[in-house]
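Asker: Here is what each chain is made of, one letter per residue.
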Amino acid sequence: AQTVTQSQPEMSVQEAETVTLSCTYDTSESDYYLFWYKQPPSRQMILVIRQEAYKQQNATENRFSVNFQKAAKSFSLKISDSQLGDAAMYFCAYRRYGNKLVFGAGTILRVKS
Amino acid sequence: DTEVTQTPKHLVMGMTNKKSLKCEQHMGHRAMYWYKQKAKKPPELMFVYSYEKLSINESVPSRFSPECPNSSLLNLHLHALQPEDSALYLCASSQGVRGRANEQYFGPGTRLTVT
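Taken in order, these protein sequences are the chains called A and B.
Per the numbering used here, the first sequence starts with residue 11, numbered consecutively.
Per the numbering used here, the second sequence starts with residue 1290, numbered consecutively.
So here's chain A without its partners, still in its complex pose (with noise of 0.2 Å):
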């Protein structure tokens, strides 16, 4: 079965500043795909970005950039610039083909102004 692995509870950066994220899954599939979601305490869930396993090309959205390393199985995601606005709870989610997302434990992210 495939298992999604957060292993930092909780995490601090300062405004303007750059925090990485972790993310490590377990999987026996060479295609698949990898999600980060954003959850702030208004609760809804945000797609931040997505990874396609077939490419090698990490995925890159405005702030939001992964490291992609699939030898590793390995997931990480980098925010710049960090704002107040990023606060919130980061899950890091597997999918193969199918419906079904396989969540990690999340990340609380806590932005200091």
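Quick caveat, the hints were computed from the structure, so don't treat them as lab data.
Careful: at least some of the hints might be erroneous.
Said to hold, decoys possible - Subject to a maximum C-alpha distance of 25 Å in a straight line, what follows is the list of computed SDA-like cross-link-like pairs (lysine to any residue):
{"hint": "1", "chain 1": "B", "residue 1": "K1329", "chain 2": "A", "residue 2": "T13"}
{"hint": "2", "chain 1": "B", "residue 1": "K1342", "chain 2": "B", "residue 2": "P1372"}
{"hint": "3", "chain 1": "A", "residue 1": "K83", "chain 2": "A", "residue 2": "E20"}
{"hint": "4", "chain 1": "B", "residue 1": "K1330", "chain 2": "A", "residue 2": "Q66"}
{"hint": "5", "chain 1": "B", "residue 1": "K1307", "chain 2": "B", "residue 2": "E1333"}
{"hint": "6", "chain 1": "A", "residue 1": "K83", "chain 2": "A", "residue 2": "T70"}
{"hint": "7", "chain 1": "B", "residue 1": "K1327", "chain 2": "A", "residue 2": "R120"}
{"hint": "8", "chain 1": "A", "residue 1": "K88", "chain 2": "A", "residue 2": "T15"}
{"hint": "9", "chain 1": "B", "residue 1": "K1327", "chain 2": "A", "residue 2": "V121"}
{"hint": "10", "chain 1": "A", "residue 1": "K88", "chain 2": "B", "residue 2": "G1317"}
{"hint": "11", "chain 1": "B", "residue 1": "K1298", "chain 2": "B", "residue 2": "Q1326"}
{"hint": "12", "chain 1": "B", "residue 1": "K1327", "chain 2": "A", "residue 2": "L57"}
{"hint": "13", "chain 1": "B", "residue 1": "K1327", "chain 2": "A", "residue 2": "I118"}
{"hint": "14", "chain 1": "B", "residue 1": "K1308", "chain 2": "A", "residue 2": "R53"}
{"hint": "15", "chain 1": "B", "residue 1": "K1325", "chain 2": "A", "residue 2": "M99"}
{"hint": "16", "chain 1": "A", "residue 1": "K110", "chain 2": "B", "residue 2": "K1307"}
{"hint": "17", "chain 1": "A", "residue 1": "K110", "chain 2": "B", "residue 2": "R1352"}
{"hint": "18", "chain 1": "B", "residue 1": "K1330", "chain 2": "B", "residue 2": "N1364"}
{"hint": "19", "chain 1": "B", "residue 1": "K1325", "chain 2": "A", "residue 2": "T15"}
{"hint": "20", "chain 1": "B", "residue 1": "K1329", "chain 2": "A", "residue 2": "R105"}
{"hint": "21", "chain 1": "A", "residue 1": "K110", "chain 2": "A", "residue 2": "S92"}
{"hint": "22", "chain 1": "B", "residue 1": "K1327", "chain 2": "A", "residue 2": "K80"}
{"hint": "23", "chain 1": "B", "residue 1": "K1308", "chain 2": "B", "residue 2": "A1369"}
{"hint": "24", "chain 1": "B", "residue 1": "K1329", "chain 2": "A", "residue 2": "T30"}
{"hint": "25", "chain 1": "B", "residue 1": "K1327", "chain 2": "A", "residue 2": "Y35"}
{"hint": "26", "chain 1": "B", "residue 1": "K1329", "chain 2": "A", "residue 2": "E39"}
{"hint": "27", "chain 1": "B", "residue 1": "K1327", "chain 2": "A", "residue 2": "Q12"}
{"hint": "28", "chain 1": "A", "residue 1": "K80", "chain 2": "A", "residue 2": "R53"}
{"hint": "29", "chain 1": "B", "residue 1": "K1298", "chain 2": "A", "residue 2": "I56"}
{"hint": "30", "chain 1": "A", "residue 1": "K110", "chain 2": "B", "residue 2": "I1345"}
{"hint": "31", "chain 1": "B", "residue 1": "K1329", "chain 2": "A", "residue 2": "S84"}
{"hint": "32", "chain 1": "B", "residue 1": "K1311", "chain 2": "B", "residue 2": "L1362"}
To be verified - Pairwise CB distance ranges, derived in the manner of DEER restraints:
{"hint": "33", "chain 1": "A", "residue 1": "K65", "chain 2": "B", "residue 2": "P1372", "range": "42 to 50 Å"}
{"hint": "34", "chain 1": "A", "residue 1": "E62", "chain 2": "B", "residue 2": "M1316", "range": "16 to 24 Å"}
{"hint": "35", "chain 1": "A", "residue 1": "N68", "chain 2": "B", "residue 2": "T1305", "range": "49 to 57 Å"}
The beta carbon of each residue, even a glycine, is placed where N, CA and C say it ideally should be.
Here the structure of chain A is known, so what remains is to put chain B in place on it, guided by the hints.
Answerer: Relative to chain A, chain B alone:
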């Protein structure tokens, strides 16, 4: 319009009550999902509907009864719940259930409290 709406936002119900949660999307998505989320935990999948048919039931107790009247609407009927069922209930939708993309879009959730 990439929006999934859920009503009500908050719901308090007794253990003998019957209530329903509603979820709606107008993105033309053909897959819809119900998740249960406890505080500071990841969402747990409950049900998946694909083309208005139930395709996954994650061994959810029968006191939760899903319904998909049409491709835009998903309901969750609640009856004889227990206090441990208190949680945030999230609805999500995706374009389909297979294929290369199909990322799930989530609604804002219904905060359910069972007294």
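Asker: Could you run down the list of hints and mark each one as holding or not?
Answerer: Outcome of the hint check:
For a cut-off of 25 Å, the pair hint linking K1329/B to T13/A stands: about 18 Å separates their Cα positions. Distance check on the hinted pair: K1342/B and P1372/B sit about 29 Å apart at the alpha-carbon level, beyond 25 Å; violated. With a CA separation close to 21 Å, the supplied pair K83/A and E20/A stays within the 25 Å bound. Between K1330/B and Q66/A the CA atoms are separated by roughly 31 Å; this puts the pair beyond 25 Å, and the hint is violated.
Annotation: proposed proximity of K1307/B to E1333/B holds, straight-line Cα distance about 22 Å (limit 25 Å). Using a Cα cut-off of 25 Å, the hinted pair K83/A and T70/A holds, with the two alpha carbons roughly 18 Å apart. Of the supplied pair hints, the one linking K1327/B and R120/A holds, its CA atoms being roughly 20 Å apart against a limit of 25 Å. Straight-line distance between C-alpha atoms of K88/A and T15/A comes to about 17 Å, which keeps the hinted pair within the 25 Å bound.
Between the alpha carbons of K1327/B and V121/A the distance comes to roughly 23 Å, so the proposed pair stays at or under 25 Å and holds. Pair hint K88/A plus G1317/B does not hold up; C-alpha atoms about 32 Å apart against a cutoff of 25 Å. Of the supplied pair hints, the one linking K1298/B and Q1326/B holds, its CA atoms being roughly 14 Å apart against a limit of 25 Å. Only pairs whose Cα atoms come within 25 Å are accepted, and K1327/B paired with L57/A is accepted, the gap being roughly 19 Å.
With a C-alpha separation of about 15 Å, the suggested pair K1327/B and I118/A falls inside the 25 Å cut-off, and the hint holds. Annotation: proposed proximity of K1308/B to R53/A holds, straight-line Cα distance about 22 Å (limit 25 Å). Taking the CA atoms of K1325/B and M99/A, the gap is near 16 Å; set against the 25 Å cutoff, the hint holds. Between K110/A and K1307/B, the direct Cα distance comes to roughly 29 Å. Violation of the 25 Å bound is thereby established for this hinted pair.
For the hint pairing K110/A with R1352/B, the CA-to-CA distance comes to about 23 Å; that is within 25 Å, so the pair holds. Only pairs whose Cα atoms come within 25 Å are accepted, and K1330/B paired with N1364/B is accepted, the gap being roughly 23 Å. Restraint check for K1325/B and T15/A: the C-alpha separation of about 20 Å stays at or below 25 Å, so the hint holds. With a C-alpha separation of about 21 Å, the suggested pair K1329/B and R105/A falls inside the 25 Å cut-off, and the hint holds.
As the CA atoms of K110/A and S92/A are separated by approximately 31 Å, the hinted pair breaks the 25 Å bound. Under the criterion of a C-alpha separation no larger than 25 Å, the hint pairing K1327/B with K80/A is inconsistent with the structure, at around 31 Å. Proposed proximity of K1308/B and A1369/B is supported: the alpha carbons are some 10 Å apart, at most 25 Å. At most 25 Å may separate the alpha-carbon atoms for a hinted pair to count; K1329/B and T30/A meet this at roughly 20 Å.
This hinted pair checks out: K1327/B and Y35/A have alpha carbons roughly 22 Å apart, not beyond 25 Å. As the CA atoms of K1329/B and E39/A are separated by approximately 29 Å, the hinted pair breaks the 25 Å bound. A distance of roughly 21 Å separates the Cα atoms of K1327/B and Q12/A; the hinted pair therefore holds under the 25 Å criterion. Taken as a hint, the K80/A and R53/A pair is broken in the structure, with Cα atoms around 31 Å apart against an allowance of 25 Å.
Simply put, K1298/B and I56/A have alpha-carbon atoms about 17 Å apart, close enough for the 25 Å limit, and the pair holds. For the hint linking K110/A to I1345/B, the alpha-carbon distance of about 9 Å falls within 25 Å, and the restraint holds. With a C-alpha separation of about 23 Å, the suggested pairing of K1329/B with S84/A holds against the 25 Å cut-off. Under the criterion of a C-alpha separation no larger than 25 Å, the hint pairing K1311/B with L1362/B is consistent with the structure, at around 7 Å.
Range check, K65/A to P1372/B: Cβ separation about 46 Å, and the 42 to 50 Å hint holds. A C-beta distance of roughly 21 Å is found between E62/A and M1316/B, which places it inside the suggested range of 16 to 24 Å. The hint said 49 to 57 Å for the Cβ distance between N68/A and T1305/B, and at roughly 53 Å that hint holds.
When the structure is compared with the earlier hints, violations turn up for hints 2, 4, 10, 16, 21, 22, 26, 28 and for no others.
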